[in-house]
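Q: Spelled out, the chains give:
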Amino acid sequence: MDRYAEIAQHVQNGYSERARKAVEAALAEGCPAERVLKEGLIAGMEVVAAKFKSGQMFLPEVLAVAGAMKAGMELVKPLLVAARHEPLGKVVLGTVRGDMHDIGKNLVAIMLQGAGFDVVDLGTDVRVEKFIDAIEREHPDVVGMSALLTTTMVHMKTVIEALKQRDLRAHVKVIVGGAPISKNFASEIGADGYARDAATAVDVVKELLNSR
Amino acid sequence: MDRYAEIAQHVQNGYSERARKAVEAALAEGCPAERVLKEGLIAGMEVVAAKFKSGQMFLPEVLAVAGAMKAGMELVKPLLVAARHEPLGKVVLGTVRGDMHDIGKNLVAIMLQGAGFDVVDLGTDVRVEKFIDAIEREHPDVVGMSALLTTTMVHMKTVIEALKQRDLRAHVKVIVGGAPISKNFASEIGADGYARDAATAVDVVKELLNSR
Amino acid sequence: MRKRFNSLTLGADALLFGVAGTPLRRNGVLIGGGKVLPEIKFTLPPMSIEDTPAMEIEAMYREIVTAVCERAVHLGQQSVVVEFELLPPMTVDPPMGESITSLIAGILAEFRTSHGLQSLLRITPVDIREQNKPPQRRRGRETELLLESFRRCARAGADLLSIESTGGKEVTDQAIMAADVRGILFGTVVLGCADMEFLWEKIVRVARETGTVPAGDTACGIGNTAMVLADQGYIPRVFAAVVRAVTAVRSLVAYEVGAAGPGKDCGYENAILKAITGLPMSMEGKSAACAHLSPVGNIAGCYADLWSNESVQNIKLLAGMAPVVSMEQLVYDCRLMNVAAGRGEGRRLRDWFSESDAGLDPQAFILSPRAVEALARAIVSEQDDYRRGVAVAVKAVDLLREGLSKQHLLLSEREQEWLTRIEHTVSELPSDSMGFIAEERPKWKDHVNYGEYGIPDDV
Amino acid sequence: MRKRFNSLTLGADALLFGVAGTPLRRNGVLIGGGKVLPEIKFTLPPMSIEDTPAMEIEAMYREIVTAVCERAVHLGQQSVVVEFELLPPMTVDPPMGESITSLIAGILAEFRTSHGLQSLLRITPVDIREQNKPPQRRRGRETELLLESFRRCARAGADLLSIESTGGKEVTDQAIMAADVRGILFGTVVLGCADMEFLWEKIVRVARETGTVPAGDTACGIGNTAMVLADQGYIPRVFAAVVRAVTAVRSLVAYEVGAAGPGKDCGYENAILKAITGLPMSMEGKSAACAHLSPVGNIAGCYADLWSNESVQNIKLLAGMAPVVSMEQLVYDCRLMNVAAGRGEGRRLRDWFSESDAGLDPQAFILSPRAVEALARAIVSEQDDYRRGVAVAVKAVDLLREGLSKQHLLLSEREQEWLTRIEHTVSELPSDSMGFIAEERPKWKDHVNYGEYGIPDDV
Ligand SMILES: [Zn+2]
Ligand SMILES: [Zn+2]
Ligand SMILES: [Zn+2]
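Chains as they are written, first to last, in the working numbering: chain C, 4 to 215; chain D, 4 to 215; chain A, 16 to 474; chain F, 16 to 474.
Excised from the complex, chain C in its bound form (with noise of 0.2 Å):
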């Protein structure tokens, strides 16, 4: 098994010690960080994330591979900003104004983290002029917005409105999710994507940066 198989089994099986140390090693053979990050620690956390998609694994198992994950990223993150690396993605996220609901929020933030996306959570309650300065501060390649009550998934829309009129909507990608939330009225008011959970959201925000 190369450094980096090692690197991803480690990973998958969710010990972060031994994927630090590993990571280290590696860092130390010469390796490149870049190498180590897609071809180790994401590598990993790819497989994991297509179990939990299909259902043989379980969140609590995932949070533990998510931990292997960070781990090893502590000692190859400032690598790569030292080299400029392009990260994956940036995703904004949070719950629309005047909904307190955090978890499915969570969830996705979870899954992106793993996935090897940059995101900067804006928890709940969230009004449309702080999505839209966090979006102008943080230059995300993705915004996600989560609502839980159908008197409130309303703001998304509100949301998409003002990212038109600060001409910002060319330069992001919009998915929402939530449980009143449909495919449907994800194309009504003008979103890229839809995410029906939190295992797809990951899918959901690839495709969107692929399609770019």
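It cannot be assumed that every hint is accurate.
Derived DSS-like pairs: lysine-lysine, alpha-carbon spacing no greater than 30 Å straight-line [claimed, not checked]:
| hint | chain 1 | residue 1 | chain 2 | residue 2 |
| --- | --- | --- | --- | --- |
| 1 | F | K148 | C | K160 |
| 2 | D | K73 | A | K460 |
| 3 | C | K56 | C | K73 |
| 4 | D | K133 | A | K460 |
| 5 | F | K460 | C | K80 |
| 6 | D | K73 | C | K186 |
One side of the interface only, derived from the structure: several residues of chain F facing chain D at Cβ under 10 Å [to be verified]:
| hint | residue |
| --- | --- |
| 7 | M62 |
| 8 | I64 |
| 9 | E78 |
| 10 | N329 |
| 11 | L332 |
| 12 | L333 |
| 13 | A334 |
Keep in mind the hints are simulated off the structure, nothing from the lab.
Don't be surprised by glycine CBs; every beta carbon is placed ideally from N, CA and C.
Following the hints, position chains D, A and F with the ligands against chain C.
A: Chains D, A and F with the ligands alone, transformed into the frame defined by chain C:
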């Protein structure tokens, strides 16, 4: 009991022959046709319509009443036309394109006719052009559209858009109804009114005409 | 060739959900063999089929069928029936209906392989023969297209062939509004039965040629139109009850020319047909409230071999898409029935279903097992369709009168008046169909093309 | 003053839908006195409350409540409970909630007078105390507004006061995702119970001052979050089952400080609470599938004194508006239960409900009457909330283990592994709450403001 009340009573009872005779007598005595219509025939029918709406009368009973009213109308109508009397209002009705459902629309026609409206029934599977032609030809005050399928209700919007394009929209009120139709959908597509059933359709039409 | 039933297969004691006299076995699914199965139905959300690319429409069906099957698997349901009810544009354009059928059959096959979910696919083309006024029931392009639709869907993977045929509706629409019992008989048993014989001989032939099952029909456009109008308070419920009884004569014809069940869900007359034919039936009740309200939410369950949600748009509810919600409700309803049956107490639950509704509405009252048996007997006591219609109408009125006098049935005063009126009308019906037809035919000549029913225009 | 239960009121044999130990009688409505009644719930369709004139919002509620009452009358239903669940803007602005409450109470009064429909109105302000992060549970404007909302709605015509309180959720949200039993206990029985005591003493006081009934709470944000995630396959079902058992300790507090029932529908732990308190409970099952799917569609019915649809948007289905459809389904479900009970066979139907679901899912398994009694006994065997939590978690695990070994419960291999893991965790829990708190508190300090639970920031 005066003549008008007598006519109204016969209409209410659904006695066609007696209603016809009472109208004949009233006209012979010099009662103005317009009062015979309003205070006699329509007044009688209004009582029945109210009872029907509040669930105290069945449709077959209303049909008998409508028959009595029609018997009287046949005598009054030529006089009204000669006197250039303005009718209460004219309504064009149809079930939209692709939809063969008939009975709901027919009920609405019966109730409207009973209330003294002129009704032009275009039948079922009525395409946009046929609605437009009828509106241009008949100059109705109201056009009523019915749809029973989720896949045909969308054609209601097409008709409304076509009315706008031909500058006809301001000249005619639009009401819609049918199993998949909601108040919300009605306002979304820009209809003026929504009739949840045949009994309320008359009220909706009256309200729209009063609000002009 | 029509073979007329002249005796009952199942009496009141034998009538039970999940149990048919002649169960249907196909593709690993057993219907009427002891367990009630869910039959799931759905329609598209508000959209224009003409203005939507075929691919998008197919994607929508893929989404719906996948989602309902996933839910069934999730709940441990082992067999389901899926109905694809073709919309008018899909029937008028047989290749379109064929291609969606094939898509759905493919998804069902996948679920069979990957999850062990057994399933049958029912297809129901829409009766496009009414597109002309008066409708052309035999000649003309629509009849050809309709049969072509059956043929193509059958070859594309359908298992069960059904239709909600509309023969006679051009008369009954009017007769229902006027609470006209004679008109109902003329439209339902004179015209309706003639059309059923014509149409179902053709459907049975298609089934034979394609190795599929000619399942059954429903007088939905008659019986359920009356039920819905009665529910809105437009027409008397006692009248709607008599209409329901009469529709059984019409729907029975399908089985007399070779249909094998399961009968179509929205035919509440299926209760009577199950007693006569012993064939499995689909029924719908409270879990079809999404499609229409009714006074028979529980009692319909007494006879269900399949338990259906009738129809629901693919729109989002809080829990998920509406068809998935329906699947869940059907599965739980079926579980309850199957648990009771499994303990040998199915009949006890059946009686509770019946008691729940029978006393509150005449339409429910005539669906109690005892009433069903009596109505079924009235039908098989005659061979001529018209005489069957009269017999079952008379019996329905008798049952209601008896229920009222024994205080087993609550009726408002207005309803009681109408019962008396209807009683009077049915007691004066001619005993001979020729006389009856001669009296009725002229009344409806503007609405009906008699040649299309094989009836000469004048006698 | 909290008065702790130390014995059961109803054992497995006495647990039955429609029958409470202490029925509630108010305004001509009897809950738990022999019959199950529908409890109807609804929410607005997609719309912005901020951008909609108050008159339009009120018109919408008028339309919904009128329509559901009309349907109830139509079906001959004599008593109903209506819940008005306040949305956040209606709770933050107490006069707004008050005015809608008054509107609904007015409609119900009209139906009482004109149609003899007996009814009670439950109001449920939303727990706006989580608007801050970490939530301010005691101090601050939100707590004031929440209580003001209760007061105003109570005076405006509400009968039953309820809430889905969220104390402890800042911990359990995380603990659920990690399947962390210790976190569940800390959030639910340490933080949750402390918050329940604080909040419900205040609600009981409002009820006393306004002559209304302090009805009950639910650990919805904990138990149902776990249930929904388990249903999606995100977390083990055995874990969700243990979570459910533990939530009973938290919800019980409301009744120990004076709540009188009926408990809030979405608390499936109500089964256990009914055994302990004997108070009437609202439950939801298959006819709440519009709001969420679940593995307990039938078994939940075993304990229902009210039978609820949980929530549905006011959107159009083919039959009518969705809340009307729900009312119809609830009425038929209730009729069936009441018919069985009327024949003295309620317990038989209850057992069928239980058998329908219990073997297929651990969350259903622990809701079978025998399991419910065992869990209830475990709780009342202790007085300290933490020890109750441990006792009921241990008992839940024991029951699942027993069910598995006797093959009464189906569990996948992965679920079995998790059962073993959880078994291990609960067996190592400290017996003393002080020790447990000392271990857990530091882990959650970023998420919880301990002062808001009356817990010192450091020991
Ligand atoms: Zn039908
Ligand atoms: Zn809840
Ligand atoms: Zn709730």
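Q: Now tell me if each hint is right for this structure.
A: Hint-by-hint comparison with the structure:
no.	hint	in the structure
1	K148(F) <-> K160(C)	holds, 26 Å
2	K73(D) <-> K460(A)	holds, 22 Å
3	K56(C) <-> K73(C)	holds, 20 Å
4	K133(D) <-> K460(A)	holds, 26 Å
5	K460(F) <-> K80(C)	holds, 28 Å
6	K73(D) <-> K186(C)	violated, 52 Å
7	M62	holds, 9 Å
8	I64	violated, 15 Å
9	E78	holds, 8 Å
10	N329	holds, 9 Å
11	L332	holds, 8 Å
12	L333	holds, 5 Å
13	A334	holds, 8 Å
In this structure, the hints that do not hold are numbers 6, 8, in rising order.
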